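Protein chains in written order, with the working numbering: chain A, 5 to 260; chain B, 5 to 260.
Some hints here could point you the wrong way.
With a cut-off of at most 30 Å between alpha-carbon atoms, the simulated DSSO-like pairs for lysine-lysine come out as follows [as the list claims (entries may be wrong)]: (1) A:Lys219 <-> A:Lys32; (2) A:Lys151 <-> A:Lys70; (3) B:Lys219 <-> B:Lys121; (4) B:Lys219 <-> A:Lys90; (5) B:Lys90 <-> A:Lys90; (6) A:Lys90 <-> A:Lys62; (7) A:Lys151 <-> A:Lys121; (8) A:Lys32 <-> B:Lys90; (9) B:Lys90 <-> B:Lys121.
Hints were generated in silico from the structure; no laboratory data involved. From a predicted model like this one, the values you see are computed outputs, not experimental measurements.
Number of protein chains: 2
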Amino acid sequence: MIPRLYIEADLEVGVASPLTQAQAHYLKNVLRRSVGDRMCLFNGRDGEFDAEIIELKKQRCVAAVKAQIRIQDAEADLTLCFAPVKRGPLEHIIQKATEIGVARFMPIVTDRTVAPKLNIERLQAIALEAAEQCGRLSVPSVSEPIKLAALISDWPAGRRLIFCDEAGDDENAEWGGRAGRAAPALEVLNSIDSNTETWTVITGPEGGFTLAERKLLRDTEFVMPVTLGPRILRADTAALAALVLLQAACGDWRRR
Amino acid sequence: MIPRLYIEADLEVGVASPLTQAQAHYLKNVLRRSVGDRMCLFNGRDGEFDAEIIELKKQRCVAAVKAQIRIQDAEADLTLCFAPVKRGPLEHIIQKATEIGVARFMPIVTDRTVAPKLNIERLQAIALEAAEQCGRLSVPSVSEPIKLAALISDWPAGRRLIFCDEAGDDENAEWGGRAGRAAPALEVLNSIDSNTETWTVITGPEGGFTLAERKLLRDTEFVMPVTLGPRILRADTAALAALVLLQAACGDWRRR
Numbered sequence: 005m006i007p008r009l010y011i012e013a014d015l016e017v018g019v020a021s022p023l024t025q026a027q028a029h030y031l032k033n034v035l036r037r038s039v040g041d042r043m044c045l046f047n048g049r050d051g052e053f054d055a056e057i058i059e060l061k062k063q064r065c066v067a068a069v070k071a072q073i074r075i076q077d078a079e080a081d082l083t084l085c086f087a088p089v090k091r092g093p094l095e096h097i098i099q100k101a102t103e104i105g106v107a108r109f110m111p112i113v114t115d116r117t118v119a120p121k122l123n124i125e126r127l128q129a130i131a132l133e134a135a136e137q138c139g140r141l142s143v144p145s146v147s148e149p150i151k152l153a154a155l156i157s158d159w160p161a162g163r164r165l166i167f168c169d170e171a172g173d174d175e176n177a178e179w180g181g182r183a184g185r186a187a188p189a190l191e192v193l194n195s196i197d198s199n200t201e202t203w204t205v206i207t208g209p210e211g212g213f214t215l216a217e218r219k220l221l222r223d224t225e226f227v228m229p230v231t232l233g234p235r236i237l238r239a240d241t242a243a244l245a246a247l248v249l250l251q252a253a254c255g256d257w258r259r260r
Numbered sequence: 005m006i007p008r009l010y011i012e013a014d015l016e017v018g019v020a021s022p023l024t025q026a027q028a029h030y031l032k033n034v035l036r037r038s039v040g041d042r043m044c045l046f047n048g049r050d051g052e053f054d055a056e057i058i059e060l061k062k063q064r065c066v067a068a069v070k071a072q073i074r075i076q077d078a079e080a081d082l083t084l085c086f087a088p089v090k091r092g093p094l095e096h097i098i099q100k101a102t103e104i105g106v107a108r109f110m111p112i113v114t115d116r117t118v119a120p121k122l123n124i125e126r127l128q129a130i131a132l133e134a135a136e137q138c139g140r141l142s143v144p145s146v147s148e149p150i151k152l153a154a155l156i157s158d159w160p161a162g163r164r165l166i167f168c169d170e171a172g173d174d175e176n177a178e179w180g181g182r183a184g185r186a187a188p189a190l191e192v193l194n195s196i197d198s199n200t201e202t203w204t205v206i207t208g209p210e211g212g213f214t215l216a217e218r219k220l221l222r223d224t225e226f227v228m229p230v231t232l233g234p235r236i237l238r239a240d241t242a243a244l245a246a247l248v249l250l251q252a253a254c255g256d257w258r259r260r
């Protein structure tokens, strides 16, 4: 196994790169590597490089950058807005959604959100580790929580919002604006111009969005409400299912 | 919250149903219910019923079955064959795949499977709890592990096998039989007669299938190799992604 690590510094062939103390510890004490061993480095800007350990001490590691092995390619502009859930499913969302290809995590405060205090730094570390392991050339960002109403009122033009509307099968719901039932996610995604490249997926808390929140979302022009099958999915399952369908129907999972 | 419980006995309006000791404990001590409280009962055969607690002691609960609220509908004949992974991701596969709609779990022993001993009873309990929570009318079964070669040689006629071929992007691979690269999962699924109703999805262990196993799978007529995007997915992410795509493209997630 060749270690694959994210660093902040610029990467250029022939330039030595210092790693962090934590990375030095990981290479030396966890992976038991030594001077002369190889690794891969990426920084989210310059592609991926083959590198070699030229100095390795308890708290210090320096790598010689040998050759570029991948160029930086464009990645999907895909945001996941999610109502924070309990720690296990929350960390699970971050790890899996990073593998699936999310670029940005935006925690959303909803009426039913039960999230005392989010440890953004820890979530960012989970995203980083998942990015290193899944072969991405970038690390998704994790922002501070914002309120649902603020998200909608400051919405950037041209961006689609896929709304996982668990209660979308409620035939008797009466809406102020756009009517009735949400359609199956894949049906909705297949109907969209597939060259759209800026996407947001929003999923609710355990217990779902309130009726007022659903109305706010469904009466908004850029929102596309979708359903995810006849069973009740947990919040983390719903988020990952919607992202998988979006990437498969409209994103980079279509590449051969 | 109205509790929703699976029982083994037949369900019929007017007939009293005894619950298990564990269910009596759960209702009395965890949910703090008492005589007169309502619940829903299902058994995988007779649909779902509204019921009322008529006796509740420490180790004994009896419910009066009041009215049928859902009839038993046909569910997809969808099997997940998976190489067992570590406990966390393994339990995660069972829980999420039950929500997504799997009918049968078949653990598979592969060359790289690292699975000392599977606790089938515990996996079955996780499937049962997920079925109760997600509103299914059935509980998926979990079978004893079998070897990959035995799975393939005893394959039932007419059944499709969707093979998540992580290494499917290897352009230089040379195969004895059917050539080259796997195609994106959704592209493959969209090409299939959507009235096919018996499916199996197979996913590999951490580290993937060996080259010999990949050849065995890809040279077999009923196997459809698919890819799941350009990043390396963990074994549990891959299993759930493939199931989501199958249900959305060919299964009951298409229902409005």
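Checked hints:
Taking the CA atoms of A:Lys219 and A:Lys32, the gap is near 55 Å; set against the 30 Å cutoff, the hint is violated. Proximity of A:Lys151 to A:Lys70 is assessed by CA-CA distance (about 46 Å); at most 30 Å being required, the pair is judged violated. With a C-alpha separation of about 27 Å, the suggested pair B:Lys219 and B:Lys121 falls inside the 30 Å cut-off, and the hint holds. Using a Cα cut-off of 30 Å, the hinted pair B:Lys219 and A:Lys90 is violated, with the two alpha carbons roughly 42 Å apart.
Distance restraint check for B:Lys90 and A:Lys90: the Cα-Cα separation of roughly 22 Å lies within the 30 Å cut-off, and the hinted pair is therefore satisfied. At roughly 36 Å between alpha-carbon atoms, A:Lys90 and A:Lys62 are farther apart than 30 Å, so this suggested pair is violated. A threshold of 30 Å between alpha carbons decides the hint, and for A:Lys151 with A:Lys121 the separation of about 14 Å falls inside it, so the pair holds. For the given pair, A:Lys32 sits about 25 Å from B:Lys90 by alpha-carbon distance, which is consistent with the 30 Å threshold.
Distance restraint check for B:Lys90 and B:Lys121: the Cα-Cα separation of roughly 11 Å lies within the 30 Å cut-off, and the hinted pair is therefore satisfied.
Violated hints for the displayed structure, listed by number in ascending order: 1, 2, 4 and 6.
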